[in-house]
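Protein chains in written order, with the numbering used here: chain Y, 1 to 272; chain S, 273 to 584.
Careful: at least some of the hints might be erroneous.
DMTMM-like mimics (lysine to aspartate or glutamate), calculated; alpha carbons at most 20 Å apart, straight line [claimed, not checked]:
1) Y/98 to Y/26
2) Y/132 to Y/58
3) Y/7 to Y/26
4) Y/100 to Y/26
5) Y/53 to Y/108
6) Y/132 to Y/57
7) Y/132 to S/319
8) Y/86 to Y/8
9) Y/134 to S/316
10) Y/132 to S/488
11) Y/134 to S/319
12) Y/19 to Y/88
13) Y/225 to Y/194
14) Y/132 to S/399
15) Y/134 to S/295
16) Y/134 to S/294
17) Y/98 to Y/80
18) Y/223 to Y/137
19) Y/7 to Y/237
20) Y/256 to Y/182
21) Y/7 to Y/220
Here are a few chain Y residues that sit away from chain S, every Cβ distance over 12 Å (derived from the structure) [as the list claims (entries may be wrong)]:
22) 25
23) 93
24) 193
25) 258
Computed beta-carbon distance windows for the label pairs [said to hold, decoys possible]:
26) Y/150 to S/315: 37 to 43 Å
27) Y/102 to S/488: 57 to 63 Å
28) Y/11 to S/316: 39 to 45 Å
29) S/571 to Y/101: 46 to 52 Å
30) Y/85 to S/442: 53 to 59 Å
31) S/319 to Y/52: 29 to 35 Å
32) S/308 to Y/51: 44 to 50 Å
33) S/296 to Y/57: 31 to 37 Å
Don't read these hints as lab results, they were simulated from the structure.
Backbone N, C-alpha and C define an ideal beta-carbon position, used for all residues, glycine too.
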Amino acid sequence: MDIQALKDKSHWIWRETLKIHRACPESRIASSLSCIEILVALFYGGVLRYDPKKPLDEGRDRLIISKGHGSISYYPLLADLGFIDKSELDAPGSLGNKLKAIPDTLIEGYETINGSLGHGLGVGIGMALGLKAKGSDRKVYVLVGDGELNEGSVWEAVMLAGHHRLDNLCVIVDANGLCMLDWCRNIVDLQPVEAKFQAFGWQGERIDGHDEQAVIAALERFKAKPAGHAPCVVVAETIKGRGVPSLEGDSLCHIKSLKPEAVDALLSREGA
Amino acid sequence: MVIPTNIMRETMIMRLRERMAEDRRIYFVSADFGAMSLDGLREDFPDRFINVGIAEQNCINVATGLALEGFTVFAYGIAPFISMRPYEQIRINLSLLSQTRPLNVNILSVGAGVSYDVSGPTHHCLEDISVMRTLPHMRVFSPCDADCARQFIDFALEEGGPKYARLDGKAQPSIYGQRQADFGRGFDVLRRGAEVCIVSTGVMTHTALAVAERLEGRAGVIDAFMLDRLDEVALAAELRPYARICSLEEAFVGCGGLDSLISCVIERQNLPGRHARFGFQPGFNFDNGGRLHLHRCAGIDPDALVAALAHN
Numbered sequence: 001m002d003i004q005a006l007k008d009k010s011h012w013i014w015r016e017t018l019k020i021h022r023a024c025p026e027s028r029i030a031s032s033l034s035c036i037e038i039l040v041a042l043f044y045g046g047v048l049r050y051d052p053k054k055p056l057d058e059g060r061d062r063l064i065i066s067k068g069h070g071s072i073s074y075y076p077l078l079a080d081l082g083f084i085d086k087s088e089l090d091a092p093g094s095l096g097n098k099l100k101a102i103p104d105t106l107i108e109g110y111e112t113i114n115g116s117l118g119h120g121l122g123v124g125i126g127m128a129l130g131l132k133a134k135g136s137d138r139k140v141y142v143l144v145g146d147g148e149l150n151e152g153s154v155w156e157a158v159m160l161a162g163h164h165r166l167d168n169l170c171v172i173v174d175a176n177g178l179c180m181l182d183w184c185r186n187i188v189d190l191q192p193v194e195a196k197f198q199a200f201g202w203q204g205e206r207i208d209g210h211d212e213q214a215v216i217a218a219l220e221r222f223k224a225k226p227a228g229h230a231p232c233v234v235v236a237e238t239i240k241g242r243g244v245p246s247l248e249g250d251s252l253c254h255i256k257s258l259k260p261e262a263v264d265a266l267l268s269r270e271g272a
Numbered sequence: 273m274v275i276p277t278n279i280m281r282e283t284m285i286m287r288l289r290e291r292m293a294e295d296r297r298i299y300f301v302s303a304d305f306g307a308m309s310l311d312g313l314r315e316d317f318p319d320r321f322i323n324v325g326i327a328e329q330n331c332i333n334v335a336t337g338l339a340l341e342g343f344t345v346f347a348y349g350i351a352p353f354i355s356m357r358p359y360e361q362i363r364i365n366l367s368l369l370s371q372t373r374p375l376n377v378n379i380l381s382v383g384a385g386v387s388y389d390v391s392g393p394t395h396h397c398l399e400d401i402s403v404m405r406t407l408p409h410m411r412v413f414s415p416c417d418a419d420c421a422r423q424f425i426d427f428a429l430e431e432g433g434p435k436y437a438r439l440d441g442k443a444q445p446s447i448y449g450q451r452q453a454d455f456g457r458g459f460d461v462l463r464r465g466a467e468v469c470i471v472s473t474g475v476m477t478h479t480a481l482a483v484a485e486r487l488e489g490r491a492g493v494i495d496a497f498m499l500d501r502l503d504e505v506a507l508a509a510e511l512r513p514y515a516r517i518c519s520l521e522e523a524f525v526g527c528g529g530l531d532s533l534i535s536c537v538i539e540r541q542n543l544p545g546r547h548a549r550f551g552f553q554p555g556f557n558f559d560n561g562g563r564l565h566l567h568r569c570a571g572i573d574p575d576a577l578v579a580a581l582a583h584n
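One chain only, chain S, in its complex shape (with noise of 0.2 Å):
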């Protein structure tokens, strides 16, 4: 069985395994959620994965308590589920109480966006930026390939308190390789150009790239990562140059995202670049027709963003 190497949770959980094989103190907590990946990681140490059944509350909860006896701990679910069901265990077990006590607790969440097209809105996950980002000291990481998202392995068990892992469901190309993310800036600027420039995250890098290609020099990429804060002096060194600035992101937009980070830093920094936002107006969509369908209804498809980006 081959493991594909450009989805996200495969090449984290296959990291994971060669960490926890050196490290017995990462636990490794499912709310009864999968991977091929994982069979192996199960196999190879049986008592340090818990599988705590379809119980997305308990999942954190348990986390939380092995985190205090001072195990590293990721715990595993489907996005919309492992975000917002056991909402008030993450704000009081991991948000409030790393302020007091210091836990390591990564939430690995696979189904971003709509990733999960055709299973509709429950599936659908576009509220976990904003309602991350809201909790303080949650650490919110939104890869674009499974190359980034590799990488947070490393990083979460260098750095303590509460992360959520922000995960696409499918495979995507990949865009990272083997450069390295430099989590503490939390941005990576994949291409410049002269008047507009988009800052998308996660699946949306992808598009923004196609799009960028499309307005040939005219449109600029920053891959942004790190949704709970990233180093702003340097995104906004970055961003000045621009008459435009285009957030993109698959989630709604207007409720705290990464289009609410954007428009702080540009006021913050006194950037002169005019903001669009674009993402999921909020409203929960129930058409059939895959995620392209899905992306045209919100006009965040490759064709309405170059038709809304090339003119002024």
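This is chain Y alone, in the form it adopts within the complex (with noise of 0.2 Å):
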């Protein structure tokens, strides 16, 4: 997919998003739609190797959204790529509607169960660990938010990772700079993070998480390393709220929900 096409699709994921939260006011809006480019540089991107119509198959690879409830921006792709049926984004939130404000692993897609932080890491381990032992090459990647990295689980998980040289994982920070109720940096500043996971024995690099090429040439990077190396961290630079204007920069943007004309008039100012 060219750049061009890859920017479209972006763009689509972020309209349907918004329509999501619009049925569903209770998902979170600010957190869905800073990783939005990171799912598109996954999937149509050519990085990970999946089968829609055998979502478990055993020759994808393993991607776990360990922030998500902040991945609702996850629901459009899913259905645009045959996981998940497209009339499900008719109501997200409605009885009978597989799609709910925190995802679950009734959607096909979805690896395991997030939005209670800290657990996608560890869980991500032991994959790395079980993929090796049955000789497969396939990946894992984690998607974390920057501020779930104040669970100490995920420390827990990064020593664990570091120390096992586990080269068939990678974790992307959406690093969005938010937490609940500030800025990460007043809260606990971990910046660099890269720097925090390169001393428990990461590589790690810092991009542009909204560029779609930036982060596929990342990914690729991660793929091309030779066995033996260290596991990857991308720390992706992110706007929470991106392309919402009430929202960017809030923050508490993550608590806010959008009213429904609110979503209508961004859709229907920067057009169809």
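Two chains, two separate frames, one set of hints: put the complex together.
Okay, structure coming up:
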């Protein structure tokens, strides 16, 4: 998929994500908007191996979305690729629809249940060890938020993965800089995040998380590394609430919902 | 080095070592906790023994990831720490996830009750029966001896899902011997009596047998070892003749433990017996003095129980 096609896809997902939020205002819109290009890069940029008709196929690369609550933007992608039926996008949050404010494993394409934070990386280590034991060359990607890095369980996992040099494990940090109540730097300042990982034996790099090509390039560099190399962390700098002026830059945007008319105005203002 | 056959973790790990030799899909994940028998297992299977370090949350998470890749995992640690430190990992990744994904993870939890008597209340584990019983799909196993404990390994490899095995930290005399524990039934009648039936679990089954001996035929003893659910109808049939039913556990009472299980059976099966609950009243004990002293403080030592049960 060429650059423009990737950007068009991200844009379509942005619109669909807003529509999901309009139908299900309990969903976390701001943190779902910061990871769109990362997801697009993974699925449309040739990074992941997957089969929408066999979501748990042995040959898939594993993607754990550890910031589960902040990933309703994954729903339209799953519908577009055929993991779930497109009709699911019509009425998220309503009786009989499988899309909730917080995703779960009844939705094809989700490996584990998250939204409670700090679980994904440890589980990803178990998968990475299991894949190696099976002789599989499949990779494990774990998408975490930078606020999520406050959870101690994340660092138990970071230490272990570094020690075992899990070369098939890659963490992508959706570094939107915000927790629920404030900027991360005002709560627990972990910058530079990649240096913390590097201290535990990881390789790290920092990219623009809204640049699909930069995400693809970073993940391809991870894939191209030789056996026995360190696990990799890609710190993707993003903007929470991206594309929504009332959310961008607001330190409390995590807990803000958009009124239906505000969503309609956004969608009509920026054109079809 | 002779590995003792009267310590639960030792017989379990010895059996597991045999099964790991024939089945490459078994993993052992330890939160840096050991056993004499574990040294051999680590030597035999260095690739399938993982010490995650002193990190119980990660222990459960790594076990989950391996299980999702199709491996059967035994997660091993010290009872209060491997049960309650990673409780949310157990809730989300084992209890909840197992409702939508097949997984087989078995928590081997060493140091039940006040096994670590003189270590004090941080190392006492009087809550785990209650907190594990409240998790959907979690099987809760509480053996009274190393023979029954050993049999859990074959059961666990056969039956999927998350399980919690609550193991005494100290050597215990044999009760089961070669007798097969019926895991579907979940309890075993060790002795029948005329007036009162003591339903006990774990180490307290030894106390129950000593008490019944002194009550000379008046007390029966049932060892309950599957505490999430057991064959309620079969248990009710055993309990129906008794005028009094006494639950006995090295755990807090009134909090959802064995006493709760038994009172539910009494209620649902409309049993005539009056129920008395014996265990630790909620509260931490800071005393030195050993396990028998702690039992005396709680009124669950043999003398106190004989006195309590001798009269109507």
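Status of the hints after comparison with the structure:
{"no.": "1", "hint": "Y/98 to Y/26", "result": "15 Å, holds"}
{"no.": "2", "hint": "Y/132 to Y/58", "result": "13 Å, holds"}
{"no.": "3", "hint": "Y/7 to Y/26", "result": "27 Å, violated"}
{"no.": "4", "hint": "Y/100 to Y/26", "result": "9 Å, holds"}
{"no.": "5", "hint": "Y/53 to Y/108", "result": "9 Å, holds"}
{"no.": "6", "hint": "Y/132 to Y/57", "result": "16 Å, holds"}
{"no.": "7", "hint": "Y/132 to S/319", "result": "10 Å, holds"}
{"no.": "8", "hint": "Y/86 to Y/8", "result": "18 Å, holds"}
{"no.": "9", "hint": "Y/134 to S/316", "result": "19 Å, holds"}
{"no.": "10", "hint": "Y/132 to S/488", "result": "60 Å, violated"}
{"no.": "11", "hint": "Y/134 to S/319", "result": "12 Å, holds"}
{"no.": "12", "hint": "Y/19 to Y/88", "result": "12 Å, holds"}
{"no.": "13", "hint": "Y/225 to Y/194", "result": "18 Å, holds"}
{"no.": "14", "hint": "Y/132 to S/399", "result": "37 Å, violated"}
{"no.": "15", "hint": "Y/134 to S/295", "result": "13 Å, holds"}
{"no.": "16", "hint": "Y/134 to S/294", "result": "16 Å, holds"}
{"no.": "17", "hint": "Y/98 to Y/80", "result": "16 Å, holds"}
{"no.": "18", "hint": "Y/223 to Y/137", "result": "10 Å, holds"}
{"no.": "19", "hint": "Y/7 to Y/237", "result": "17 Å, holds"}
{"no.": "20", "hint": "Y/256 to Y/182", "result": "13 Å, holds"}
{"no.": "21", "hint": "Y/7 to Y/220", "result": "19 Å, holds"}
{"no.": "22", "hint": "25", "result": "25 Å, holds"}
{"no.": "23", "hint": "93", "result": "19 Å, holds"}
{"no.": "24", "hint": "193", "result": "19 Å, holds"}
{"no.": "25", "hint": "258", "result": "29 Å, holds"}
{"no.": "26", "hint": "Y/150 to S/315: 37 to 43 Å", "result": "39 Å, holds"}
{"no.": "27", "hint": "Y/102 to S/488: 57 to 63 Å", "result": "60 Å, holds"}
{"no.": "28", "hint": "Y/11 to S/316: 39 to 45 Å", "result": "56 Å, violated"}
{"no.": "29", "hint": "S/571 to Y/101: 46 to 52 Å", "result": "49 Å, holds"}
{"no.": "30", "hint": "Y/85 to S/442: 53 to 59 Å", "result": "57 Å, holds"}
{"no.": "31", "hint": "S/319 to Y/52: 29 to 35 Å", "result": "34 Å, holds"}
{"no.": "32", "hint": "S/308 to Y/51: 44 to 50 Å", "result": "47 Å, holds"}
{"no.": "33", "hint": "S/296 to Y/57: 31 to 37 Å", "result": "22 Å, violated"}
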